[in-house]
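Chains A and B, in that order, are what the protein sequence lines are. Be aware that the first sequence starts at 1, since it is given in the numbering used here, and climbs by one per residue. Be aware that the second sequence starts at 1, since it is given in the numbering used here, and climbs by one per residue.
FYI, nobody ran anything at the bench for these hints, they're computed from the structure. Ideal placement from N, C-alpha and C gives every residue a C-beta, glycine not left out. Keep in mind that a hint or two might mislead.
What the hints assert, rightly or not - For the chain B half of the interface with chain A, some residues (derived, Cβ under 10 Å), not all of them:
| id | residue |
| --- | --- |
| 1 | L23 |
| 2 | A25 |
| 3 | D69 |
| 4 | A70 |
| 5 | A73 |
| 6 | G81 |
| 7 | P104 |
| 8 | V113 |
| 9 | E117 |
| 10 | A140 |
| 11 | E146 |
| 12 | R174 |
Said to hold, decoys possible - Okay, the calculated beta carbon distance ranges per label pair:
| id | chain 1 | residue 1 | chain 2 | residue 2 | range |
| --- | --- | --- | --- | --- | --- |
| 13 | A | E179 | B | T248 | 49 to 55 Å |
| 14 | B | G115 | A | A234 | 56 to 62 Å |
| 15 | B | G112 | A | R38 | 21 to 27 Å |
| 16 | A | R6 | B | E299 | 36 to 42 Å |
| 17 | A | P21 | B | T51 | 39 to 45 Å |
| 18 | A | W114 | B | G36 | 31 to 37 Å |
| 19 | A | T9 | B | Q282 | 35 to 41 Å |
| 20 | B | W166 | A | V132 | 49 to 55 Å |
| 21 | B | A70 | A | P206 | 21 to 27 Å |
| 22 | A | R38 | B | G129 | 20 to 26 Å |
| 23 | A | L187 | B | S209 | 56 to 62 Å |
| 24 | A | R6 | B | G234 | 51 to 57 Å |
Unchecked claim - Derived list of chain B stretches under chain A, where covered just means 3 residues or more per stretch with a C-beta under 8 Å from a C-beta of chain A:
| id | region |
| --- | --- |
| 25 | 74-80 |
| 26 | 85-97 |
| 27 | 248-259 |
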Amino acid sequence: MTVEPRFETGTFTPRPGPGAPLRMLRAQALTELRLALRNGEQVLLTLLIPVALLVGLSLLDVVPLPEPRVAAVTPGVLALAVMSTAFTSQAISFGFDRRYGVIRRLAATALPRWLLVAGRLAALLGVVVIQVVLLCALAALLGWQPAGAGIGWAVLLVLLGCAAFGSLGILLGGSLRAEITLAVANLVWFVLLLAGGIALPIAQLPGPLAAVASALPSGALAEGLRGALADGHAPGWGPVLVLVAWTATATALATRTVKLR
Amino acid sequence: MHVRGLVKRYGRTTAVDGLDLALSAGSVLALLGPNGAGKTTTVEVCEGFLTADAGEVRVLGVDPAGAPDALRARIGVMPQGGGAYPGVHAAEMLRVVAACSAHPLDVGWLIGVLGLESCARTPFKRLSGGQQQRLALACAIVGRPELVFLDEPTAGMDPQGRRLVWDLIDAMRRDGVAVLLTTHLMEEAEALADEVVIVDHGKVVAQGSPAALTACSTHQELRFRAKPGMDLAGLTAALPAEYRAAETKAGRYLVQGRIDPGILSTITAWCAGQGALADDVQVARRSLEDVFLELTGRELRP
Numbered sequence: 001m002t003v004e005p006r007f008e009t010g011t012f013t014p015r016p017g018p019g020a021p022l023r024m025l026r027a028q029a030l031t032e033l034r035l036a037l038r039n040g041e042q043v044l045l046t047l048l049i050p051v052a053l054l055v056g057l058s059l060l061d062v063v064p065l066p067e068p069r070v071a072a073v074t075p076g077v078l079a080l081a082v083m084s085t086a087f088t089s090q091a092i093s094f095g096f097d098r099r100y101g102v103i104r105r106l107a108a109t110a111l112p113r114w115l116l117v118a119g120r121l122a123a124l125l126g127v128v129v130i131q132v133v134l135l136c137a138l139a140a141l142l143g144w145q146p147a148g149a150g151i152g153w154a155v156l157l158v159l160l161g162c163a164a165f166g167s168l169g170i171l172l173g174g175s176l177r178a179e180i181t182l183a184v185a186n187l188v189w190f191v192l193l194l195a196g197g198i199a200l201p202i203a204q205l206p207g208p209l210a211a212v213a214s215a216l217p218s219g220a221l222a223e224g225l226r227g228a229l230a231d232g233h234a235p236g237w238g239p240v241l242v243l244v245a246w247t248a249t250a251t252a253l254a255t256r257t258v259k260l261r
Numbered sequence: 001m002h003v004r005g006l007v008k009r010y011g012r013t014t015a016v017d018g019l020d021l022a023l024s025a026g027s028v029l030a031l032l033g034p035n036g037a038g039k040t041t042t043v044e045v046c047e048g049f050l051t052a053d054a055g056e057v058r059v060l061g062v063d064p065a066g067a068p069d070a071l072r073a074r075i076g077v078m079p080q081g082g083g084a085y086p087g088v089h090a091a092e093m094l095r096v097v098a099a100c101s102a103h104p105l106d107v108g109w110l111i112g113v114l115g116l117e118s119c120a121r122t123p124f125k126r127l128s129g130g131q132q133q134r135l136a137l138a139c140a141i142v143g144r145p146e147l148v149f150l151d152e153p154t155a156g157m158d159p160q161g162r163r164l165v166w167d168l169i170d171a172m173r174r175d176g177v178a179v180l181l182t183t184h185l186m187e188e189a190e191a192l193a194d195e196v197v198i199v200d201h202g203k204v205v206a207q208g209s210p211a212a213l214t215a216c217s218t219h220q221e222l223r224f225r226a227k228p229g230m231d232l233a234g235l236t237a238a239l240p241a242e243y244r245a246a247e248t249k250a251g252r253y254l255v256q257g258r259i260d261p262g263i264l265s266t267i268t269a270w271c272a273g274q275g276a277l278a279d280d281v282q283v284a285r286r287s288l289e290d291v292f293l294e295l296t297g298r299e300l301r302p
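Just chain B, same shape as in the assembly (with noise of 0.2 Å):
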């Protein structure tokens, strides 16, 4: 799957403003951004329920908007919010979609695996927003599909749903399925993706592995604890230009900036000179949340 420079406008707002992405078969990739960043309007411009205003789309070869039938006959989707008839039952949803495709999964297999066989006789507007979301996912991935476009799967969901689906997702990208998820859980970014592609108002921000996201070397912190009230003067001056301390409580610092060994002997130097004992010493990366914080600001989104 091939975007370049999507644009997508709503009367006078753009939604997507020259995204780039690029997903091979077998990987999958994150699009992480807070509401309103462009997420959903992206996938459904690579679904073909949306026509693009400018920019190059390519899925599995084909524009979306030009053979929707021909490519949704390939790919797998889970709608935000599910969506199925409001009085149904997860395995009649279930095989209505199956029999959309020519060689579908097992449904009663599937709605096992998925722990929807509990709720059978439940019609689907009384299920969970957990259950809900499980059949919702159920329904992208029966048609065995080469591409599957989840759209904030996790949502609503307990931690054993989510694990589950974290599970699934793993299997499909090692039997080969290529899959673009959207969400706004940092961990599920981590935990999940190979690429992670970070918007905000319709841009790309950041983009890599989430490790090289979280790797940038100048974003290291190191915490410890120590006898309150130390003058910190020492310790800024030992320490390279770059490198900020601070008691953030009573007893409790912070150093941030790359740590290394000659930087970590510095400060138990420096506590040592004072007579204090470093505790509790803890080096953090910064999390893929902090990235995300950072590159998309703290205010709240509408």
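So here's chain A without its partners, still in its complex pose (with noise of 0.2 Å):
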């Protein structure tokens, strides 16, 4: 008995050769999108969570805020959305990544290091896009008017932010064990969302807490974004500043920690 041969000659002739940077940046960035999309837990985190917030604080009257309760807010809502997405999400997905082999998955292809970190950046820049587009429509269908001068700012406040949280983030989740990537990133979210300047302004926390919080990169960008949104004032040097100085430091650190698996 012969059996047919089950691929035709040439089948898998080599044609070796690396892709198109482009479509390389394109698909990976498109389905780690997709994929953080799909992720129950993550959605909740990124979304469903600040959404909550911002439709309960803005209606509710639980905290006392300074009336319009939405445009007070608004500006701490965008930075837990920011550091969900960032921080906390981009751990644990970077982490779980680590251990189910897909970095040196991905690494063991003709994708270069700088295009491996730059299509999840751009993954990440995607869910803070739809975040703030959708979050800014509610706290818009909510009466919220923002100052117009200060949107540049703010654009620039939540990138710096994104860099900040998302080098802090990248160094939690490659460095640690996905599971303790895990605990340390959720509890770091909420002790943040608490004491770190994004559910009270700064100025409402006790003062050597307040201290410590505008030294934070939650109180720098959710202090920025106050200032700006609601005044169109320039952040001042003072949040880029901490903004930048922890996306410096984590990056060096992380250079040097991160292990692909």
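Put the two chains together into one complex; each comes in its own frame, and the hints tell you how they fit.
In structure tokens form, the structure reads like this:
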């Protein structure tokens, strides 16, 4: 009995070569974006909780806030959204991606290291764009009117926030075991939400805590956004320097400690 | 691909200790060895993931440690245990990897060939071990590489999956792809490899074609059945000195040594002299597994 050859001659004749950088970037970033939007826990963290907080705090009088409440709430919720995506969600997915060997898998292709990072960054920015559009539209429906002059500053702050939280997320997810990353990333998220200048403006925090919070990326981002979106102020050097410093420190540490698996 | 005198240490343990390998286009090299023998370390040095402590490594004319990106555009890698996003679907993952190559194979075709369309909507982490392995193999070959590294490609696969992978490796060899595979399945090495290199404790302990490794003439054996309890002294005396004869179980006899027609007739004549008929006579070459166990010992490895 002869068996039909399963593969025609020439099927696997070598024809190697690297893919076009843009095609690689697109394939990786779109896949990671789709995965982020398909993962229930990540959507809860990045979209549902910020939306619930925005609507809840704007409509219900649970915390004392100046009127209009939505104007006081929105900048903090935007800062929370950035932290959720760039830090917590990023650290957890990076931790499990490493566990499942995908970073290693991609590094074994022609994808250069810088594109691997760029792809993650692009996917992260994609989620942040969706969050910002959704949250701003919802806030507008609730009567929010941001200061037009501050919008450019707010965009800059969001990008700096993505950089600071993103590099911290990569540092965390790339250095510890996936389960520990999961626990730490959620804990830090919760602590920064309550005491890091996001839920409550720094001015309402007790003295020593306020000083600490303004040096944290959460406090810097939230305060910067409050100033820019409420009054159209430039954020000043304080928040910008804080965010840049966290980015630089976390990136420097990450390049030394992050392992592919 | 050429490896000469490769040494790789982790702290105080030496994983690879002066290893030599050579592999040319259109051939399959199997790296065979027990767990912890240094197979994966060797492969990862060749892929540029690890840097050698000593020795010369040239893969497709390139030093993998110096130019990993240039090299990786030309090779295909199947890491042990695969590698994919935990929530990704098979075709999505394969599309990402295919996009990294200039002229990839058709993703839909490859998914079909590897029998992965039935789990098209299943996240990677819920795929069975065999399905994960098949996806990892697809990722390794989708870019039409010149050289493929397969680290235990059939681990966790069912017999059908294993046959498919063997067919695939055969077809790649036929089409001029060089394949380096690590395995601890003797059957796999015997079926696929042009050249087998047995490693242990980071060193090559034997190498050659499967036929050459198993044909070592002093290691044949003959088994037969006859009435139990025959006195073997006469048989031992009739056979040349290096032969051994034993009754392994009541009525089952084993003769070890080079079995040729003369020896066979000596044995049957002796049986006839004892008034017995040698029944169920089997001559066996030793298997690659026998060679392997003889060279690497029988104790369990961590």
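Hints, verified against the model:
| no. | hint | result |
| --- | --- | --- |
| 1 | L23 | 14 Å, violated |
| 2 | A25 | 8 Å, holds |
| 3 | D69 | 5 Å, holds |
| 4 | A70 | 9 Å, holds |
| 5 | A73 | 4 Å, holds |
| 6 | G81 | 6 Å, holds |
| 7 | P104 | 8 Å, holds |
| 8 | V113 | 8 Å, holds |
| 9 | E117 | 16 Å, violated |
| 10 | A140 | 8 Å, holds |
| 11 | E146 | 4 Å, holds |
| 12 | R174 | 7 Å, holds |
| 13 | E179/A x T248/B: 49 to 55 Å | 52 Å, holds |
| 14 | G115/B x A234/A: 56 to 62 Å | 60 Å, holds |
| 15 | G112/B x R38/A: 21 to 27 Å | 24 Å, holds |
| 16 | R6/A x E299/B: 36 to 42 Å | 40 Å, holds |
| 17 | P21/A x T51/B: 39 to 45 Å | 26 Å, violated |
| 18 | W114/A x G36/B: 31 to 37 Å | 35 Å, holds |
| 19 | T9/A x Q282/B: 35 to 41 Å | 39 Å, holds |
| 20 | W166/B x V132/A: 49 to 55 Å | 52 Å, holds |
| 21 | A70/B x P206/A: 21 to 27 Å | 58 Å, violated |
| 22 | R38/A x G129/B: 20 to 26 Å | 23 Å, holds |
| 23 | L187/A x S209/B: 56 to 62 Å | 59 Å, holds |
| 24 | R6/A x G234/B: 51 to 57 Å | 55 Å, holds |
| 25 | 74-80 | holds (count 4) |
| 26 | 85-97 | holds (count 9) |
| 27 | 248-259 | violated (count 0) |
Hints 1, 9, 17, 21, 27, counting from the list given before, are not met by this structure.
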